[in-house]
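**Q** Sequence:
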Amino acid sequence: MAPDPPRCPYELTDLWEWFTTLNRRRQAGMALNPLSSDEVLKWCARQRLSLSPYEHTLIDRLDDLYLSYQNQKESA
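The sequence shown begins at 7 in the numbering used here and counts up one residue at a time.
Hints listed in this document are in silico derivations from the structure and should not be mistaken for laboratory results.
We put the CB at the ideal spot given by N, CA and C, even for glycine.
Incorrect hints may have been included.
If you anchor each label on the Cβ, the simulated ranges turn out as follows [to be verified]:
(1) 22 - 54: 15 to 23 Å
(2) 47 - 81: 30 to 38 Å
(3) 7 - 54: 40 to 48 Å
(4) 13 - 37: 23 to 31 Å
(5) 7 - 79: 17 to 25 Å
(6) 48 - 12: 26 to 34 Å
(7) 45 - 7: 33 to 41 Å
(8) 59 - 11: 26 to 34 Å
(9) 77 - 15: 23 to 31 Å
(10) 7 - 55: 33 to 41 Å
(11) 73 - 19: 18 to 26 Å
Make a model of the complete structure from these sequences and hints.
**A** The following block contains the structure:
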């Protein structure tokens, strides 16, 4: 039996929610495409949300990790 995944720290729950919402709207062709800055900015405008530069960086890092995980999973 697989262990339970780690819980998201409370301080990051909003950021994780934003990322998962953006991830569901991700563009895909032959492979998954990274979230573009333009997509993130348009989503923020629709949500009337202003992310700090640090939060934008965290979204980018989460996206990098997600794509890396998906690529490893497809290679296996």
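**Q** Hint by hint, note whether the structure agrees.
**A** Status of each hint after checking the structure:
1. 22 - 54: 15 to 23 Å: holds (20 Å)
2. 47 - 81: 30 to 38 Å: Given a distance of about 32 Å, which is inside 30 to 38 Å, the answer is holds.
3. 7 - 54: 40 to 48 Å: For residue 54 against residue 7, whose Cβ atoms are near 43 Å apart, the range 40 to 48 Å holds.
4. 13 - 37: 23 to 31 Å: Given a distance of about 30 Å, which is inside 23 to 31 Å, the answer is holds.
5. 7 - 79: 17 to 25 Å: With Cβ atoms ~20 Å apart, the hint holds.
6. 48 - 12: 26 to 34 Å: The hinted range 26 to 34 Å holds for residue 48 and residue 12, with Cβ atoms some 31 Å apart.
7. 45 - 7: 33 to 41 Å: holds (37 Å)
8. 59 - 11: 26 to 34 Å: holds (29 Å)
9. 77 - 15: 23 to 31 Å: holds (26 Å)
10. 7 - 55: 33 to 41 Å: holds (38 Å)
11. 73 - 19: 18 to 26 Å: holds (22 Å)
This entry satisfies every hint, going by the numbered hints stated previously.
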